[in-house]
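Based on the provided sequences and hints, a complete structural model is requested.
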Amino acid sequence: MNAPAPSVPNAVGAAAPGLPARGGVGLKPEHFREILATAPDVGFFEIHAENYMVDGGPFHHFLGRIRERHPLSIHGVGLSIGGESPLDADHLDRLAVLLARYQPESFSEHLAWASHGGVFLNDLLPVPYHAGTLARVCDHVDQVQHRLRRRMLLENPATYVEFAASTLAETEFIAEVVRRTGCGLLLDVNNVHVACVNHHRDPYAYIDSLPAAAVGQIHLAGFAQDVDAAGDPLLIDSHGAPVAQAVWDLYRHALARVGPVPTLIERDSDIPAFPVLLAEAHRAERLMREAAAPMGAERLPCEACA
Amino acid sequence: MSEQQIFADALLAAGPICPPGLTTWNGSDPGRRFAIYRNNVIVSLIDALADTCPVTQQLVGEEFFRAMARLFVQENPPRSRILAFYGEGFAELIAAFAPAAAVPYLADVARLEMLRVSAYHAADAVPLAAEDIARRLEDVTALPAARIGLHPSLAVLRSGHAVVSLWAAHQAADVAGALAAVDPDVAEAALVLRAELEVEISRIPEGAAIFITHLRQGAAFGHAAELASAADPAFDLGATLGLLIHRGAITAMTIPGSATS
Numbered sequence: 001m002n003a004p005a006p007s008v009p010n011a012v013g014a015a016a017p018g019l020p021a022r023g024g025v026g027l028k029p030e031h032f033r034e035i036l037a038t039a040p041d042v043g044f045f046e047i048h049a050e051n052y053m054v055d056g057g058p059f060h061h062f063l064g065r066i067r068e069r070h071p072l073s074i075h076g077v078g079l080s081i082g083g084e085s086p087l088d089a090d091h092l093d094r095l096a097v098l099l100a101r102y103q104p105e106s107f108s109e110h111l112a113w114a115s116h117g118g119v120f121l122n123d124l125l126p127v128p129y130h131a132g133t134l135a136r137v138c139d140h141v142d143q144v145q146h147r148l149r150r151r152m153l154l155e156n157p158a159t160y161v162e163f164a165a166s167t168l169a170e171t172e173f174i175a176e177v178v179r180r181t182g183c184g185l186l187l188d189v190n191n192v193h194v195a196c197v198n199h200h201r202d203p204y205a206y207i208d209s210l211p212a213a214a215v216g217q218i219h220l221a222g223f224a225q226d227v228d229a230a231g232d233p234l235l236i237d238s239h240g241a242p243v244a245q246a247v248w249d250l251y252r253h254a255l256a257r258v259g260p261v262p263t264l265i266e267r268d269s270d271i272p273a274f275p276v277l278l279a280e281a282h283r284a285e286r287l288m289r290e291a292a293a294p295m296g297a298e299r300l301p302c303e304a305c306a
Numbered sequence: 001m002s003e004q005q006i007f008a009d010a011l012l013a014a015g016p017i018c019p020p021g022l023t024t025w026n027g028s029d030p031g032r033r034f035a036i037y038r039n040n041v042i043v044s045l046i047d048a049l050a051d052t053c054p055v056t057q058q059l060v061g062e063e064f065f066r067a068m069a070r071l072f073v074q075e076n077p078p079r080s081r082i083l084a085f086y087g088e089g090f091a092e093l094i095a096a097f098a099p100a101a102a103v104p105y106l107a108d109v110a111r112l113e114m115l116r117v118s119a120y121h122a123a124d125a126v127p128l129a130a131e132d133i134a135r136r137l138e139d140v141t142a143l144p145a146a147r148i149g150l151h152p153s154l155a156v157l158r159s160g161h162a163v164v165s166l167w168a169a170h171q172a173a174d175v176a177g178a179l180a181a182v183d184p185d186v187a188e189a190a191l192v193l194r195a196e197l198e199v200e201i202s203r204i205p206e207g208a209a210i211f212i213t214h215l216r217q218g219a220a221f222g223h224a225a226e227l228a229s230a231a232d233p234a235f236d237l238g239a240t241l242g243l244l245i246h247r248g249a250i251t252a253m254t255i256p257g258s259a260t261s
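Chains as they are written, first to last, in the working numbering: chain A, 1 to 306; chain B, 1 to 261.
If you're looking for bench data, these hints aren't it; they were derived computationally from the structure. Bear in mind the structure is a predicted one, so any value in this text is a computation, not a measurement. Just so you know, even glycine gets a beta-carbon here, dropped at the ideal spot from N, CA and C. Take the hints with a grain of salt, since some may be wrong.
What follows is a set of in silico ranges between Cβ atoms, one per label pair, in the way DEER data are often shown [what the hints assert, rightly or not]:
no., chain 1, residue 1, chain 2, residue 2, range
1, B, Ser202, A, Val227, 50 to 56 Å
2, B, Ala98, A, Arg149, 52 to 58 Å
3, A, Asp202, B, Met1, 44 to 50 Å
4, A, Arg101, B, Glu92, 30 to 36 Å
5, A, His130, B, Ser202, 55 to 61 Å
6, A, Thr38, B, Ala252, 36 to 42 Å
This is the structure in structure tokens:
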């Protein structure tokens with residue numbers, strides 16, 4: 001199959017320096033002062049764009065200072081790229097203002113919808129996968145990349161139901177969005193685990209069938225456990241627990257396939273002390289080093305090599 | 001109706017309904033799985049209201065608050081993707097909510113807490129230096145026509161209840177002890193203002209509240225002072241100005257016809 005030229009102004013994204021291939025931590029207001037006081041050794045921070053769409057006050061005060069010292073990823077949760085409705089032009093404008101202000105190394109959003117008919121539902125809702133939704137999602141990704149004048153990363157979803165109307169596998173759908181729009185992938189390894197348990201699929205095969213070269217960032221998080229009406233396990237993407245061992249195992253597999261990429265520890269509820277999250281980010285970095293140095297050889301830091 | 005409209009309606013419906021066209025790998029009832037989405041939407045929005053209104057929640061208890069918030073969420077889902085300010089109309093729902101009639105001050109406490117969040121995220125502004133203000137105040141002939149610019153975070157709430165004392169009691173180490181000393185039926189006016197990075201809530205006299213409210217609405221200095229004096233004979237213009245200057249609330253002072261601002 002001949003890949004058409006991506007419709008993105010790719011030069012902007014390609015030329016811009018990206019996030020370092022290190023462990024990052026989601027930035028929480030609870031940790032603002034400690035981060036400024038201790039200047040932790042962290043690869044990058046990530047914020048939810050919508051939390052910072054306010055005029056002034058402490059959020060901008062602290063983010064401005066933290067951003068001066070650390071690489072930054074801005075992660076949107078409200079664009080509703082999978083929505084039937086047209087993208088909200090005002091919201092795109094607000095995003096453009098936020099990105100211009102903080103110049104993040106990365107911008108990402110979700111393969112999901114969150115708004116309909118002017119109502120914001122504050123959740124990442126599932127999309128059926130067929131030719132119609134594929135065209136719509138690609139059109140929305142094109143619009144985002146043109147308006148923001150940068151390449152975006154699209155995140156694979158954690159889902160609890162599937163649609164009778166779907167004719168494509170999720171990985172086929174995502175691969176085709178990447179091929180048509182030139183966007184990158186935010187590979188959420190926790191979402192892969194959650195969705196594959198919930199839909200009884202092989203998470204390793206799922207990762208193998210995504211376009212590895214497009215992966216620009218990885219997310220790791222914790223989940224909650226429930227059961228469905230048949231008593232089979234149903235995992236919930238809660239972001240409220242440490243990263244599970246099954247997800248760390250799957251992460252090693254992802255690293256073997258895509259190489260070291262910036263990896264975020266996401267935590268949005270039951271938020272622990274900052275060093276707890278930093279320790280998970282450092283664990284991700286150890287796994288990155290191991291993946292880059294096969295045979296178990298310890299790779300020395302560059303300063304020591306020289 | 002569109003598929004997503006049907007999905008959205010089912011998410012916000014009072015009863016457990018499941019949209020058509022959903023499947024599960026094991027043939028189990030998709031309604032159980034759809035309920036995860038319903039729960040995520042409703043609970044996250046109730047949580048947003050609880051984050052904004054912690055004292056309101058403490059006054060009636062978590063169970064009562066969440067039941068009341070659920071009614072609001074189902075009837076008034078957010079229209080904005082920026083959740084920080086979600087809750088417009090929540091105080092009105094509380095005021096009309098029959099089971100809350102025994103706590104008639106509850107709605108005003110919720111109003112105060114929403115003003116506090118707005119102040120927290122309001123635009124930054126540099127206060128006018130006290131010397132600059134003093135110099136302009138010396139021009140007594142021009143002063144009545146002056147327009148006062150107030151800090152974007154500033155808000156005033158006038159209540160028939162002791163909203164400031166009730167709110168402050170919940171910041172005390174001994175909440176029950178502090179609450180016991182509050183007569184909730186005493187009318188109070190609150191000044192909400194962010195200083196540096198902290199939002200402060202303080203009680204101000206009725207006349208000061210009227211004066212500041214009129215300034216906020218763009219009234220000229222002299223007119224606002226007249227209205228405040230007429231409504232509250234005890235209105236103390238000097239003390240009120242002193243408070244505004246001391247708290248850094250005045251960010252501009254424009255005298256028509258004057259080059260200064």
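Do the hints match the structure? See the list:
As the Cβ distance of Ser202(B) to Val227(A) is approximately 52 Å, the hint placing it in 50 to 56 Å holds. Against the hinted window of 52 to 58 Å, the Cβ-Cβ separation of Ala98(B) and Arg149(A) comes to about 54 Å, which satisfies the hint. Between Asp202(A) and Met1(B) the Cβ separation comes to about 36 Å, which falls outside the hinted range of 44 to 50 Å. The given range of 30 to 36 Å is respected by Arg101(A) and Glu92(B), whose C-beta atoms sit roughly 35 Å from each other.
The beta-carbon spacing between His130(A) and Ser202(B), approximately 59 Å, falls within the hinted interval of 55 to 61 Å. Distance hint check for Thr38(A) and Ala252(B): the Cβ-Cβ separation is about 39 Å, which falls inside the suggested range of 36 to 42 Å.
In summary, the one numbered hint that this structure violates is 3.
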